[in-house]
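Listed here are the chains, written in short residue letters.
Protein chains: 2
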Amino acid sequence: MEKLSFQDYYAEWAGQCYGCGKYNEHGLHIKSYWDGDESVCRFCPKPYHTAMKGFVYGGLIASLIDCHSTGTAAAAAYRAQGRDMGSEPKLRYVTASLTVDYLKPTPIDAELEIRSRAEEIKGRKVIVVSELFAKGELCAKGRVVAVEAPKNMIPK
Amino acid sequence: MEKLSFQDYYAEWAGQCYGCGKYNEHGLHIKSYWDGDESVCRFCPKPYHTAMKGFVYGGLIASLIDCHSTGTAAAAAYRAQGRDMGSEPKLRYVTASLTVDYLKPTPIDAELEIRSRAEEIKGRKVIVVSELFAKGELCAKGRVVAVEAPKNMIPK
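Protein chains in written order, with the working numbering: chain A, 1 to 156; chain B, 1001 to 1156.
Calculated directly from the structure, the hints in this document are not laboratory data.
All values derive from a computational prediction rather than experimental measurement.
Please note: incorrect hints may appear among the correct ones.
Keeping only pairs whose Cα atoms sit at most 25 angstroms apart, straight-line, the calculated BS3-like set for lysine-lysine is [said to hold, decoys possible]: (1) A/Lys22 <-> B/Lys1151; (2) B/Lys1022 <-> B/Lys1151; (3) B/Lys1151 <-> A/Lys141; (4) B/Lys1151 <-> A/Lys135; (5) A/Lys104 <-> B/Lys1122; (6) A/Lys31 <-> B/Lys1135; (7) A/Lys46 <-> B/Lys1046; (8) A/Lys46 <-> B/Lys1031; (9) A/Lys104 <-> B/Lys1151; (10) A/Lys151 <-> B/Lys1122; (11) A/Lys135 <-> A/Lys46; (12) A/Lys141 <-> B/Lys1141; (13) A/Lys53 <-> B/Lys1135; (14) B/Lys1141 <-> A/Lys22; (15) A/Lys156 <-> B/Lys1046; (16) A/Lys104 <-> B/Lys1156; (17) A/Lys141 <-> B/Lys1122; (18) A/Lys104 <-> A/Lys46; (19) B/Lys1031 <-> B/Lys1090; (20) B/Lys1053 <-> B/Lys1104; (21) B/Lys1053 <-> A/Lys125; (22) A/Lys46 <-> B/Lys1151; (23) A/Lys53 <-> B/Lys1151; (24) B/Lys1104 <-> A/Lys53; (25) B/Lys1156 <-> A/Lys156; (26) B/Lys1135 <-> A/Lys104; (27) B/Lys1104 <-> A/Lys156.
Turn these sequences into a full structure, and let the hints guide you.
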């Protein structure tokens, strides 16, 4: 049986995201998993996800770090509460603040790997820090302040 | 005659970006213009650019701020050098660091407007600060440290 990703546990209302929602047929379908205390996301850019020829467009890198981090925030919060992923009440985090430092041009002909950890879990907030690698090289770093989705984002 | 956007002045090698390249047929075709000392970008999200139902996905907001800011960086550098847009040598900036603060959920059924200014121009670096509005409300703020494209990103 295939292992479920963090995003597979999202409720339907929470799975509409262009970045990571499994119910968004146009989307990127970003998927995140635990690997010990780190979370990991792997993604192969399409040839048209270009910045300049041969390199990945920064908006895609920001999107990957964003969605992978909110997924990691939810997964880390379930763990911190001693609950199974997807148990009720279901958790869904959104981004309050995103920072990406682009350290070097990211080659497009590679599987990208993002490794992240929850640096802080406090109340409704989780801070997630990430490193993005391509061909074994660190190409970008991310920091996301994630918060539980506010009530006005949740469909009634 | 239609007014040219900042991105229309990019050389072909610089116009391949998924976010703002006019030569990328799959891309978002983000366009930026001067409005006095501010630059402005307007963009209508597609219905599938969702975060949760009714709201814009944060990765799109990051992408808009990213590409609009690198465009603004180039335009501001031409101005600072007293040169016409697109004059030789052509300028192209890329993002060294991107920060987006998501202040409130951004409605998807609206034209988004990003207004930006170059806060600092120094050597090969331009810092661009942005505000993103939807339906007249400030929904996000951005800060981009843009640098001239490094030689290893420019096709020979």
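Against the structure, the hints:
Restraint check for A/Lys22 and B/Lys1151: the C-alpha separation of about 39 angstroms exceeds 25 angstroms, so the hint is violated. Between B/Lys1022 and B/Lys1151 the alpha-carbon distance is near 21 angstroms, which keeps this suggested pair within the 25 angstroms criterion. Taking the CA atoms of B/Lys1151 and A/Lys141, the gap is near 22 angstroms; set against the 25 angstroms cutoff, the hint holds. Using a Cα cut-off of 25 angstroms, the hinted pair B/Lys1151 and A/Lys135 holds, with the two alpha carbons roughly 20 angstroms apart.
Between the alpha carbons of A/Lys104 and B/Lys1122 the distance comes to roughly 20 angstroms, so the proposed pair stays at or under 25 angstroms and holds. Restraint check for A/Lys31 and B/Lys1135: not satisfied, since their Cα atoms lie roughly 32 angstroms apart, outside the 25 angstroms limit. Proximity of A/Lys46 to B/Lys1046 is assessed by CA-CA distance (about 20 angstroms); at most 25 angstroms being required, the pair is judged to hold. The hinted pair formed by A/Lys46 and B/Lys1031 meets the criterion: a straight-line CA distance of about 22 angstroms does not exceed 25 angstroms.
With a C-alpha separation of about 12 angstroms, the suggested pairing of A/Lys104 with B/Lys1151 holds against the 25 angstroms cut-off. Only pairs whose Cα atoms come within 25 angstroms are accepted, and A/Lys151 paired with B/Lys1122 is rejected, the gap being roughly 43 angstroms. Proximity of A/Lys135 to A/Lys46 is assessed by CA-CA distance (about 16 angstroms); at most 25 angstroms being required, the pair is judged to hold. Between A/Lys141 and B/Lys1141 the CA atoms are separated by roughly 20 angstroms; this keeps the pair inside 25 angstroms, and the hint holds.
Distance hint between A/Lys53 and B/Lys1135 is unfulfilled; the C-alpha atoms sit about 36 angstroms from each other, more than 25 angstroms. Pair hint B/Lys1141 plus A/Lys22 does not hold up; C-alpha atoms about 28 angstroms apart against a cutoff of 25 angstroms. Distance check on the hinted pair: A/Lys156 and B/Lys1046 sit about 23 angstroms apart at the alpha-carbon level, within 25 angstroms; holds. Taken as a hint, the A/Lys104 and B/Lys1156 pair is honoured in the structure, with Cα atoms around 18 angstroms apart against an allowance of 25 angstroms.
Proposed proximity of A/Lys141 and B/Lys1122 is supported: the alpha carbons are some 24 angstroms apart, at most 25 angstroms. Restraint check for A/Lys104 and A/Lys46: the C-alpha separation of about 19 angstroms stays at or below 25 angstroms, so the hint holds. For the suggested pair B/Lys1031 and B/Lys1090, the alpha carbons sit about 18 angstroms apart, so the restraint of at most 25 angstroms is met. Between B/Lys1053 and B/Lys1104 the CA atoms are separated by roughly 14 angstroms; this keeps the pair inside 25 angstroms, and the hint holds.
Using a Cα cut-off of 25 angstroms, the hinted pair B/Lys1053 and A/Lys125 holds, with the two alpha carbons roughly 22 angstroms apart. A C-alpha spacing of about 24 angstroms is found between A/Lys46 and B/Lys1151, which places the hinted pair at or below 25 angstroms, so the restraint holds. In summary, the hint linking A/Lys53 to B/Lys1151 is supported, as the alpha carbons are separated by about 13 angstroms, within the 25 angstroms threshold. Of the supplied pair hints, the one linking B/Lys1104 and A/Lys53 is violated, its CA atoms being roughly 35 angstroms apart against a limit of 25 angstroms.
Proximity of B/Lys1156 to A/Lys156 is assessed by CA-CA distance (about 55 angstroms); at most 25 angstroms being required, the pair is judged violated. As the CA atoms of B/Lys1135 and A/Lys104 are separated by approximately 37 angstroms, the hinted pair breaks the 25 angstroms bound. A distance of roughly 18 angstroms separates the Cα atoms of B/Lys1104 and A/Lys156; the hinted pair therefore holds under the 25 angstroms criterion.
Checked against the numbered hints given earlier, this structure breaks hints 1, 6, 10, 13, 14, 24, 25, 26; the rest are met.
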